[in-house]
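Since the structure of chain A is provided, determine the placement of chains B, C and D on it from the hints.
Residues per chain, in single letters:
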Amino acid sequence: MKGRYDDENLKWIPVLILAIFLFPFILKGATSSYKYYLYVLNIAGIYMILTIGLDLLSGFTGLMSLGHAAFLAIGAYSSAILVDQVGIPFELSIFISPVIAGLFGLVIGFPALRIEGMYLGLTTMGFGFIVKRLIIALREWTGGSAGMPVSKATIFGFTINNDWDNYFMIYSFVIISVIIARRIVISKLGRAFMAIRDSEQAAQASGINLAKYKMLSFFISGLFAGFAGVLFAHTSHFISTDHFDILLSIYFIVMVLIGGAGSIYGAVLGTLFIVLMENLFIPLFKDGLAKYIHLEAGDFQAFIFGFIMLLFIIFQPLGLYGMWLKIRIYWKLFPFNPRRRST
Amino acid sequence: MKRYVSIIIMAALAWIRCENRVTSPGVTDTEILIGNIQDLSGPIKELGFLIPSGTNMYLDYINAQGGVHGRQIKMLIEDHGYNPQKAVVAAKKLIEKDQVFALYNVIGTSTTEAIRPILEESGVPLVAPATMSGTMSDLSRKAGHLIFHTDAGYDVQSNVLVDYILEQNANAKIGVVYQDDDYGANVLKGIAEAEERHGITIQREAYQRGATDFVGQTGNLMKGGITDVIIGGIVREPVTIMKTSQAMKYSPHFFGHAPTVDARVGLLAGDAGEGFTSCYFAYLPDSDKSGPALYRELCEKNNVPEKMRGIYHYYGFATAHILVEGLRRAEEYPTREGLINGLETLNNWESGTYPPITFNKNDHAGVEKIMLLQIQGGKQVAITGWLE
Amino acid sequence: MNDVLTGLLQESVSGIALGCIYALIAFGFTLIYRATEVVNFAQGELMMVGAYVNFFFVTQFSGVLGGVNFWVYLFAFAGSIIFAILFGILLDYIINRPLKDEPVFSVIMATISLAIILRSLTAIIAGPISLVPASPFGDNTFNIGSVVISILDISIIIWTIVLMAIFYFFFNKTRWGIAMKATSTDPEAAQLMGIPIKQVYRFVWIFAALVGVIGGVLLAPRMALLDTNISYLGLKAFPAAILGGFGSIPGAVVGGIILGIIETISMGTLSFHFEWVKEINDIIVWIVLIVVLMIRPNGLFGIAKVKRV
Amino acid sequence: MSNLSIQNLHIHFSGVVALDEVSFDIKEGEIFSLIGPNGSGKSTLFNCINGFCSPQRGSIKYNNVDLLARRPHEIVKHGISRTFQNLQNVPFMTLLDNILLGAHHRLTMRDTFTRWISRKERGREEALALEVMDFLGIANFEKKYLSGQPYGIQKLVEIARALICKPKLILMDEPAAGMNDQETLEIGKIISEIRDILNITVLVVEHDMNLVMNISDRICVLDSGRILAMGEPEEVKNHPKVIKVFLGDEVHA
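Residue numbers (my numbering), protein chains in the order written: chain A, 3 to 345; chain B, 5 to 392; chain C, 46 to 354; chain D, 1291 to 1543.
Because the hints were derived from the structure by calculation, they are not lab data. Only true hints are included.
What the simulated footprint calls covered on chain A by chain C, stretch by stretch (three residues with Cβ under 8 Å from a Cβ of chain C suffice, anywhere in the stretch; the number is not a length):
id : region
1  : 105-119
2  : 126-139
3  : 250-259
Restricting the straight-line Cα-Cα distance to at most 20 Å, the calculated cross-link-like pairs of lysine-lysine (PhoX-like) are:
id : chain 1 : residue 1 : chain 2 : residue 2
4  : B       : Lys193    : C       : Lys323
5  : D       : Lys1367   : A       : Lys214
6  : D       : Lys1456   : D       : Lys1367
7  : D       : Lys1317   : D       : Lys1351
8  : B       : Lys193    : B       : Lys177
9  : A       : Lys293    : B       : Lys78
Short, incomplete list of chain B residues facing chain A, as computed with Cβ under 8 Å:
id : residue
10 : Asp83
11 : Tyr86
12 : Asn87
13 : Pro88
14 : Lys96
15 : Lys97
16 : Thr113
17 : Ser114
18 : Ala118
19 : Lys146
20 : Asp185
21 : Asp186
22 : Ala189
None of the values given here were measured: they were computed from a predicted structure. Every residue gets a Cβ at the ideal spot worked out from N, C-alpha and C, and that includes glycine.
Same shape as in the complex, but just chain A (with noise of 0.2 Å):
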């Protein structure tokens, strides 16, 4: 019997696989500073992890978070301090530190029980501040607002050295992620995140333990982020509180909507889109033009990224996952294409 969850071209989920892996060869192959892209792509990866996981928690179960970037901290000053401080093996601390932040996540469900909507986005937002406030109160481990220094990640001897090692750490993770979320979303998990989501009443009276499923959402949501800070964290060797800035958490919730929210392809989407859109093409971009305009004003960046983000909303408010899933549909029907919707 063909399951309903094979009809998505799991053919080419292989290919695919096959293709990540095989990039940077083809990379290295093309041009001589492969290493600058290869770092975008991973850090692209590692928003990945955590905005599959915000998605979870914003886009399927339906409670805004605009301080995601807080567990992005506590899954990296974790395990920074784990690792390098208490002398756990980095391959402990993959599994210890993401639960940590996920216990984080449980104290700011706790609120979610009671607090809706935009009022739970400003509440994670100020957890987001107090967890800054506590890195820097617990100076002794964290090194407050200096930063502290990582070690880098050795997994069973093998020491992951370079950003072409760190690429394919970071991108096994990322589908091994992709996996696990898929998969929480057409289970009896998924569902219950999605009725909480759309109806409230229908899930009680489905038997959905609205607390204890908010509570569950925030917990895998952290563990997802703290998974992203551990790698974040034995990647980019240094972290302090400003890599975990407010902005960035909005700029996640951006990359989940960007992508579509409620798809973990589009999450993963959004977050490739972001990301490459403000470190790679705009700076190129920006060298492009510079060779015939004289550009004062460092905000040149920022503009056309803003720019360009709104004409994208405008444009497709539905996401990069709904233009996708249009495109598919209209190749679908391809002489009998529906007229666009005239209003």
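Below, chains B, C and D without anything else, positioned relative to chain A:
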């Protein structure tokens, strides 16, 4: 015969040296590429604009004279928006893609700390990071041997200020107002050292980045009977604090760290700012040394607008001297090691803009001297020589 | 004891003035949220634009009128208000119209990108160097007992009261105001009743721009230096709007003032007497907010939305 | 044997009395209808049974279990499920997932994890839903997203979601609202079948008098929170007070 052989050997040697010339990244026969990472879109974008402008003014001057060893110095500027993550991206771009010879004047403490691992990995030296963190020149830290720090740390500044205050008035009660971030943490580090050395306690008052209101802090200083206040702010904070205390009829002596050496402090604070004492680690743009004189001359020549001239623009100009001197002292066909070795030969070197600078294998803190300046009649006047 | 009381009073006056600025920004949030359920992340940027525009007008008019005097400020203020109205109309066309059928989240995203655009565009146009804003009131102060009050602070407080009174009158007594109220309660029903909701939405954006610009004009002289960073005050006004209850006009004012006072007092008297307050005084506002929301999930003045099943 | 027993239920919201001393019993295996004008407290009664509202006085017992002491999500464990007046579905989930949502408490967490790995297990989960869908005649729609489906289908999905948890009592809030005559007949048939084939007690709130009269074993008439009349359809139909409330005074005048 012997002559021919020796000529051939000489030619071969010259050829080998020629081969060596082009291997160093960022250096061609006509150009040296330098990378600079500034905050062009973040909270201190004003500095991100002014400092490189000053640097470029000096580099243009040097380039017009034929450059260093016949090479023009070209500086590429990237933005980090005061975000360490973006600083790393920018550094990677400069080093991997643009292939710069060296990094220079990266601004901010956390941002500079964040690119340490990259410096270590790629062996690119960083000359004159624009941060006054005291631990920047610590050689035992990662990439320590690659960083040449030319700013006096905030801890040094705090120490000197406390020493000076106690010298003037042994019974002074000192208070400090600090920004509650890494800037403040560095200030407090020096304050704690000074407390221990003198056996005094200093009242601490915090404020948040971007705060507009200092009534609470000023009131607290007043209640604590503080006679000498050290302000670890930039421009807005000393101005507002001095105006607030004037309104509250509270008149202690005010002191500030290097970022407060801005002509606008005197301008904005008016008579409330009279007597405000700040400290700086270079000669002021209007002093009569050779560096400042050149600065004024170049400003006139390039028609630099009046609002751009000032301590930040000058700072970019002043630190560029050290970079250029380092490049001069590197070999004729510079390598990164050559630049490092060249800079490490500086021994009490007078740039005209800075106090005598010394770098060697064991010391990468070029300047640990500061000079106190006081606002008198709305203008900053040097009131001491170099203090250590 | 007397000393403490004076200190508290002194800090409260400053706190109220600061709180009024927060209230004005929070009020901008409230207006747009009430009508469209959109949280306008660009409200702080609107304020920043207002401050810059006012600065521009002051320099221009003082050039025309020869020197800075009372009339210059008046004309500049009038100019800023006209600008605000035009700007509000523009925003309605850019943000609201194209996205009127789209989910609320898209509009929120649009406001985030608008915030980025405004911040960078202002810096590109005005240049990265900080400006020195002037105030018609200078640094003048007066004393009540031992409490020093700056005239600038008083003018901020008075302006906020006047604006709130005008808006209160508008919303409760005029036809347009009542139409806007109706639209915010139930847009579909309002449309059926013949209320032109397109115009109502345009009015909402104009008002939001107006309070933003006025807030900017009032705040700029208090900042000593004018740079684009003042837009981050928008983020600080969020808790004010939330504390009062998103969508409530008195809530915005009360929330703003409470937060303003908490901020100054925690920096002042509290941290003088309790050393540990220094460790938390940038998050004390958030702690208060979270505690209040735990007790009243819809803020102090907010009303819970009832959903029929 | 008395199954659901409601005693002296009283609830008021800020002065407005929604239910006033309402008492009745529902026997196992009957179709019991609640009728009454808008605002007479029918939905409130449902919400009380379901735990969304807590009444000021009175008791609701099901098989001697005090339902008022349970939280909303626990009610379904005691064999009571419900449908809603306004559709409470998840639009961006497939029909199958929407229905499986109702099976939430039947699937344990451990099964969930095995299901992650084993495709066979997933098939078993789907079979649960397909069974119910077959019963309601909406099979073959299972992979479609709910959003964009006709109203009738969405309504049936609600019923399917209530049925999949194998309840002993099902509360149906206006199942025929917004449907045409043909669909209403269908719904009536389905309600009868639910009782006859699945042996589920049905408590239904409905405005469509024809439907109510056709399917009900007993009817309770509510007006302004009070019980006007209760009994067999014929009995209620001819009750003078009921005629007065439903048809107005002019009939008698």
